[in-house]
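For the sequence shown, counting from 1, position 35 maps to 305 in my numbering; every step adds exactly one.
In short, the hints are calculated from the structure, not lab data.
Watch out, some of these pointers could steer you wrong.
Using C-beta positions, here's what the derived DEER-type ranges look like [to be verified]:
(1) 470 to 327: 34 to 40 Å
(2) 553 to 595: 14 to 20 Å
(3) 591 to 323: 28 to 34 Å
(4) 327 to 602: 40 to 46 Å
(5) 306 to 494: 33 to 39 Å
C-beta: ideal position from N, C-alpha, C; glycine also.
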Amino acid sequence: MSVSYRDAGVDIDAGDRAVALMREHVARATRPEVVGSLGGFAGLFALDVARYRRPLLASSTDGVGTKIAIARAVGRHDTVGVDLVAMVVDDLVVCGAEPLFLLDYIACGVVVPERIAAIVAGIAQGCEQAGAALVGGETAEHPGLMGADDYDLAATGVGVVEADALLGSDRVRIGDAVVAMASSGLHSNGYSLVRHALLGPTDPDGPGGVSAEGRAALARHEDDLGTTLGDALLVPTRIYARDCLALAEALDVHAFAHVTGGGLAANLARVVPAGMTARLGRSTWAPPPLFPLVAERGGIPQAEMEQTFNLGVGMVALLGAGDAAAAVDLLAARGVPAWIIGDVVGSAGEGQARLVGEHPPAG
């Protein structure tokens, strides 16, 4: 009896078809420095070192997490590709680095070419938004290890920043203003809690582990959100990379903080030096409706919400108080809602960030 790789669960022809379908998307996510095309064993990028005085390469790697469960339950797979890029490039830009290129990794139980192409279309869209090239990646089929409809995503990105333009806590000063940039939604954090709060117990036989009742909840239109719950949860992460770079070029930005897992205060504290506290006023913004919906239906206290979700703030910039108003105006002109959320004051001990006051009433 003759046995093939396909008999073992790996379909090479499906993989080839997936590559053919994704090729047009990858072709859009490029830069002049890219050497070669899709299909090589390595992605090549010709860094023009003559453009830089002392270039530092920055790298970041991340995934999308359990937001993929929502994508699988809804049957929509293009938005999580944007999320994947955002989680990488928005980390790179925090130090002032311009994202140059990404490589993605898609692991799945069975290669479904159209689904892989949809994922890669989102990745390419995210790269276009960030100004980065998608120079390669890998799609790996893992029959027996992953379920037929299971998949997971990861990506690594590389950026470049001048050594003397490196941003971080060493530039932050007492009296600095903290400028908040609005998130597009939940971004890509806290989805395990969201699923627990809104979709009920997991069902191992349901897509993404979501039960029939959970899928019905995702399909239901929510008046407060103006869309279905599923569509609201799948809004892709905002990509701030180009906006942050424009801000740093125009003004004397001291530091950025990307608000991901851990929430606003914990992530901002990472760039606040010892002897200082960033005071953030809850009164300066009302979290968008999706956040109170999650809190109310899940019975989640405010402290837990604040240390899990971004609550409407996806990125913050620290810069001199005299530049804060100009920063808000520049970001608004670029389509990013922004506001002054607080300031940096002197304090004892390790650097920290602290939320004070109360949010204004919703609506």
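Structure-based check of each hint:
| no. | hint | result |
| --- | --- | --- |
| 1 | 470 to 327: 34 to 40 Å | violated (45 Å) |
| 2 | 553 to 595: 14 to 20 Å | holds (18 Å) |
| 3 | 591 to 323: 28 to 34 Å | holds (30 Å) |
| 4 | 327 to 602: 40 to 46 Å | violated (32 Å) |
| 5 | 306 to 494: 33 to 39 Å | violated (49 Å) |
Consistency note: the structure conflicts with the earlier hints numbered 1, 4, 5.
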